[in-house]
Amino acid sequence: MRPFRFTNAKDAASAVRSLTGNPNARFLAGGTNLLDLMKEDVERPDELIDITRLPLTQIRTITSGPNQGGLSIGGLGRNADAANHPLVRQNYPLLTQAILAGASGQIRNMATNGGNLLQRTRCPYFYEVSMPCNKREPDESSARAGCGALEGINRMHAIFGWSEKCVAVYPSDMAIALAALDATVNVRKADGQERSIAFADFHRLPGDTPEKDTNLNHGELITAIELPRNRFADHSYYLKVRDRSSYAFALVSVAAALEMKENRIVQARIAMGGVAHKPWRALKAEQLLVGKEASDATFRQAAEAEMAGARPLSHNKFKVELSNRSIVRALQMAVNGGKA
Amino acid sequence: MKYIGEPITRVDGHEKVTGQAKYAAEFNVPDLAYGVVVSSTITKGRIIRLDTSRALAVNGVIAVFTHENRPKTAWFDVSYKDQDAPPGSPFRPLYDNEIKYNGQPVALVVAETFELARYAAMLVDVAYEATPCDTDLLKHLDAVRDPNPGVMNIFKPLPPKPRGDADQAFAEAPVQQSAQYIHGMQHHNPMEMFASTVEYGKNGFLTIYDKTQGVTNSLLYVTQAFNIPFNQVRVVSPYVGGAFGSGLRPQYQLFLAVMAARDLKRSVRVSLTRQQMWSFGHRPATVQNVRLGARPDGTLTSITHEAMAATSQFEDYMETVVNWTGKLYPSENATLRYKIKSLDLYTPLDMRAPGGVTGLHAIESAVDELAYKLGMDPLDFRLKNYTERDWTEKDKPFSSKELRECFRQGAERFGWATRNPEPRSMQRGHNLIGWGMATGIWDAAQVPARAEATLTVNGKLRVRSATADIGTGTYTIMTQIAADTLGMPIDDVVFRLGDTTMPPAPIQGGSWTASTVGSAVKSACDALAKTLFRMAKRLPKSPFVGVGFDDVQFIDGAIQLRQNPSKRVSLLEVVSRNRGRAVTETATSIPNLIKHNSHSRNAHAAAFVEVQVDEEFGTVHVTRAVTAVAAGRILNPRTARSQIIGGMVWGISHALQEESVMDHRYGRFMNHDLAEYHIPVCADIHDLDVVFVEENDTIVNPLGVKGVGEIGLVAMPAAIANAIFHATGKRIYDLPIQLDKVM
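Line by line, the protein sequences are chains A and B.
So the first sequence is residues 1 to 340, counted in full-length UniProt numbering.
So the second sequence is residues 1 to 743, counted in full-length UniProt numbering.
One chain only, chain A, in its complex shape (with noise of 0.2 Å):
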C-alpha cells in the first residue's frame, strides 16, 4: 500500500471541495472494496477523505417530489441497517434480500449504501496488477493494457453488454433490487448543488472506457437513494444462483418484482445481476410479462425472449441457460409472495 493523506470531513460541503480540489483524492465510508483494491495497488490514492461522520445515514419517507410516498436512504447509512430498517422490510422487501444475500454480516456492517453502489468488479485480471486489465490501465500504451478476461478465465463474466475493451462484470446485489425499484441515486456536486441520476444511467456498459463504471464526476457525493413508492412489496424475489451457499457473488441474480392483479401481471421489473457491466434491465422480457396472466410458459417466453441477446464468452455458456432458469424462478417465487 502506498502511502496517502487522511482527513476527515467535516461537513458535505468541505467533504466535496477537498475531492474536487484533488483529482487523486478519494472518499473513504465503510472502506470494504477500497482498502481492499489499495492494498494490492489497484487503486492508489495520495488522499483519504473519510466521510463516515458526515450526517448522510438517515432512512425517511419522501414528503415531497417526484418521489413522494417513497423512501429516502441516507448515502453514508450501513448496508445491515438498510437492510433491516421495518419501512425497508415492510414495503421493498426485494431491496432487503438482496443487501442480505451479499457479502458477509462483518462486511455489511460496515459498508455503506452510497458505496455499495460504487463497488468495483472483481474480475481477476482487475484485481491482479500483473495482468492485463484495461480497466484498471486504460492507456493504451501501457504494457498492462488488454483484457485478459476476453480470452482467459471468463466464467464468471459478462454475456450482455460487454466491449472487446472489458468482459468484466458488476458484482452488488443491492444494487441490482435498487435498478429493478427504478430508484434514484442524490448527489451533490462540486458547486454545492444537487443533482439526482436514474439508476439506469449511474452505472455505464463499458464500450471503450471501461475505467468508468458510474457517471458520477470526480468530486461527486451521493447523498441519499431515493425509491419511489411502488405496489411490488407482496410480489418480489431477489434470486442469487452462485457456487456456495453464503459469501460468493453471483453467477446469476435476478431481482422480479410484480404488481399483480389477481393473476395478471400489471406491472413487471426484472433487473439482473452477474450478467454485464451493470445492473441489467431485462425490459424485453418485462414488456413481454405486462398484461400476461402469470404461467410458467409466459414466464419461459418473457426469459427466452431477454436472452436472446445475450452474448457468452468461452467459459460462461451455461449463464444464458442459467439465466433463463432464474427469470422464471424468479417470477415464480415473486408471484407467489416469494415462498417456493
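By construction, these hints were calculated from the structure, which means they are not laboratory data.
All C-beta atoms in this analysis are idealised placements derived from N, C-alpha and C, irrespective of residue type, glycine included.
Some hints could be false.
Claimed, not checked - Below, computed lysine-lysine pairings styled on DSBU-like, alpha-carbon distance capped at 35 Å:
1) Lys741/B x Lys317/A
2) Lys317/A x Lys373/B
3) Lys39/A x Lys595/B
4) Lys161/B x Lys396/B
5) Lys39/A x Lys2/B
6) Lys317/A x Lys339/B
7) Lys730/B x Lys317/A
8) Lys72/B x Lys100/B
9) Lys2/B x Lys530/B
10) Lys265/B x Lys39/A
11) Lys339/A x Lys741/B
12) Lys595/B x Lys161/B
13) Lys22/B x Lys265/B
14) Lys730/B x Lys339/A
15) Lys595/B x Lys384/B
16) Lys212/A x Lys261/A
17) Lys39/A x Lys22/B
18) Lys396/B x Lys39/A
19) Lys284/A x Lys16/B
20) Lys202/B x Lys460/B
21) Lys2/B x Lys317/A
22) Lys339/B x Lys100/B
23) Lys2/B x Lys22/B
24) Lys292/A x Lys317/A
As the list claims (entries may be wrong) - Covered stretches of chain A (in silico footprint by chain B; criterion: 3 or more residues with CB under 8 Å from a CB of chain B, positions within the stretch not fixed):
25) 179-192
26) 311-325
Since the structure of chain A is provided, determine the placement of chain B on it from the hints.
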C-alpha cells in the same frame, strides 16, 4: 485408565480462545525489522534487470535482498533438503536470475515497519525476459513418466507390480466400466499465513519462531543451508494456525528471514500475504483412468487404475494415488500405474490425505457405476469384493480391519436399507434427493520419536516432545496418555511441544502423530514410573520391599500394591526425598518392525451422504452425511470427532467447491484469495455425524491407535458424486462439481 477414551476438552482451548496462544508472527522481540517479499510476475524466464534504488530511497528501508546481493549460503543441493524433500534439486530463494514458477520470490525488502516494507516492495522494479511456459497437465498426458524413487517412498510407496493380465481380463469381462477423472490444483490455505520471526541474539544465536509442522525439520534446514552449528539455533512453534501439510516443508519465508537476520545482525520477521500462499506447495492436478471388469455375480476380475500428476521442473513430487485400489479390492488381474509430468509450477506438497482423496474419488466412483451396471446395491458390491488381505503388500493380513462393521453401523445410522436404488427416485419440493456411499482407507503409520517425562519437586508431571499441534488435539491426547500412564490427575499434567530444545519428534503428518508421539510419551512415562518405583523401594520403611514392578499400580498420584491398596506411597513423597531435585526420564519409541512387516496397517471408513440437488440451477447441498470410522483405539472421542467432521467438511469442499484456477497462458493462479478460492461457509454445512467402530489392534503400536487426521476426508468426494448420480442420473467425473456441470 481414566482419561484415554474420554471426551476431554482441549487443554489448550483456554489459551487459544483468550488469545494467549502465540503464533509465529506474534512473537514480538525488541528492535524487530520487517521483511516483505516481492514475487515474480512471470512463470518462466529470467530477470534481466532489477532496480532497488527507489525502494532503498524510502526512509526507513534497511535493505533489499536480491539474487545479486544475497549473502552466500550452502553450495550443494543436499544442504537444502528438508525431511520431506522429494528427489530433485530443492528450490533456493534468491539463488540466481532464473524464474521457475509464477510467484517465485525475487526480492526481500526489509524496513523498520511492516507498512514501509510493504510500500517499498511495490517500488522494486524488475524487468524479465519471459519464455513460454507449460503449466497445463491436460496438454501433456502423452508425455508422463515414472517418478524418480526417493526416501519418501517408504511412506508413499510406488504402485505394486501388476498381477495377472488386467487388459485381457477386461476384454473378457461380461460387465465393464471405464472412465476418466480429472482433479484441478488446490492450495492448503490454513487460517494462519506462513511467517517466521527470527530473533538475533547474543553472538548471533538465532531463536526462530516458525510456522511449521516440525521444528526439527526447520532446524535442520536452517543449519544446513546457512552452515550454522546446531547449538546456535533454536526453533520454536508452540501453536500452528492450521497447516494441512503445508508446513511439512520449510517455506521460503524462513530462509529469507534467517538470511536477512544474519546479514543485518538484527531480528527480522517475514510474513507472507494470503496471495503469496499460492506461491509454494499445493495439491497437484491429477488425471486418472479407471477400467473395471466384473462377472455378472459382481466379482471383480480386472482392475486398471492409472494416475498422471503434475510436478515441478526441479523436484519429483509423488503421492500414493492408486495403491488404495489394490488394498481395497482383491481382483486377480490388476494393473496400478502412477506417472508424473514436470511443468513450470512449484513442487506440489502433501495436502490433507494426499493421493488418498484423489485416488479414492476415482475408484469409489467407478465401483458405484459398475455396481449400477451389475444391478447391485453399491454396498453389496463392496461386501462381495471385500478382502482380509492386502495383495499390494505380499498378501499380508491387515493388523485389524473393521470396515465391514463400518459399512453395517454407518448404513444403519444413515438408513441406507430404505434406499430405492433407482436414480431420480426421491424428491423434496423441486429438489432431487440422492443417497451415495463410498469406502475410505488411509495409512496407520508409526515412526520413531523421543519424549521426556519429569516429575517436578511439586509432584507435577511435565512431558515434552518436539512435535507439533496443528489444531488436531495433540496437546490434549498426549496429556491424557501421560496422566493415565502415571495415574495422575490430568490437572497435574502438562505436555509441551514445538521447541528444538525438546527431545526430537518427526514432522506432524500422515496421521501418525497420535501413534508416534503417543508411543514416545507412553515410553517416557513408563520409564519414569520404573524409576519412581525404584526410588520408592529405597524409601525408609518402604511398603514395596521385595515387591516387583508388576505388583504395583500407579493410581491417584501414588504407587500402590495391587493386592493391598493400603500399601501406597504418593509420588510427591517419592520426589520430595530426592534432595530437592525433579526426576526425569527420556525414552525413544521405535515401531515394532517384526509386527509391522508381517501386516498391512490401515484405518478404514465408510461415508454415507445425502445430497439435495436443485437441478434447474445445478446447485448441490450435502444435507446429511454419516462417516463410520475404524481407526483403532480412539484416544479422545471429542477431538477425534472434530478431526473426522473437519475431514468431512473438506470432503464437501473437495467435491463441490475447491480449485486453484490457473490461466495457463500466463501460468498464474487467478483466484488467489479466500473470496474467490471457495471453501464451504457455514451455510453449506448441515447434518454431519460420526460413528467410531473400535478396533483392538495390538500390532500397530502399544496404544493401538491409527490416527484420524485423514480418514474422515477420503471417502467423501466419491460418496457425494455417487449421491449426485442417484439424485439426477448424471455421472460427473471432474472435480469440483460446480453447478454448471450439474444443470
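Hints, verified against the model:
{"no.": "1", "hint": "Lys741/B x Lys317/A", "result": "12 Å, holds"}
{"no.": "2", "hint": "Lys317/A x Lys373/B", "result": "32 Å, holds"}
{"no.": "3", "hint": "Lys39/A x Lys595/B", "result": "56 Å, violated"}
{"no.": "4", "hint": "Lys161/B x Lys396/B", "result": "15 Å, holds"}
{"no.": "5", "hint": "Lys39/A x Lys2/B", "result": "53 Å, violated"}
{"no.": "6", "hint": "Lys317/A x Lys339/B", "result": "34 Å, holds"}
{"no.": "7", "hint": "Lys730/B x Lys317/A", "result": "20 Å, holds"}
{"no.": "8", "hint": "Lys72/B x Lys100/B", "result": "21 Å, holds"}
{"no.": "9", "hint": "Lys2/B x Lys530/B", "result": "20 Å, holds"}
{"no.": "10", "hint": "Lys265/B x Lys39/A", "result": "30 Å, holds"}
{"no.": "11", "hint": "Lys339/A x Lys741/B", "result": "27 Å, holds"}
{"no.": "12", "hint": "Lys595/B x Lys161/B", "result": "24 Å, holds"}
{"no.": "13", "hint": "Lys22/B x Lys265/B", "result": "24 Å, holds"}
{"no.": "14", "hint": "Lys730/B x Lys339/A", "result": "29 Å, holds"}
{"no.": "15", "hint": "Lys595/B x Lys384/B", "result": "29 Å, holds"}
{"no.": "16", "hint": "Lys212/A x Lys261/A", "result": "41 Å, violated"}
{"no.": "17", "hint": "Lys39/A x Lys22/B", "result": "26 Å, holds"}
{"no.": "18", "hint": "Lys396/B x Lys39/A", "result": "57 Å, violated"}
{"no.": "19", "hint": "Lys284/A x Lys16/B", "result": "57 Å, violated"}
{"no.": "20", "hint": "Lys202/B x Lys460/B", "result": "33 Å, holds"}
{"no.": "21", "hint": "Lys2/B x Lys317/A", "result": "61 Å, violated"}
{"no.": "22", "hint": "Lys339/B x Lys100/B", "result": "22 Å, holds"}
{"no.": "23", "hint": "Lys2/B x Lys22/B", "result": "31 Å, holds"}
{"no.": "24", "hint": "Lys292/A x Lys317/A", "result": "30 Å, holds"}
{"no.": "25", "hint": "179-192", "result": "violated (count 0)"}
{"no.": "26", "hint": "311-325", "result": "holds (count 4)"}
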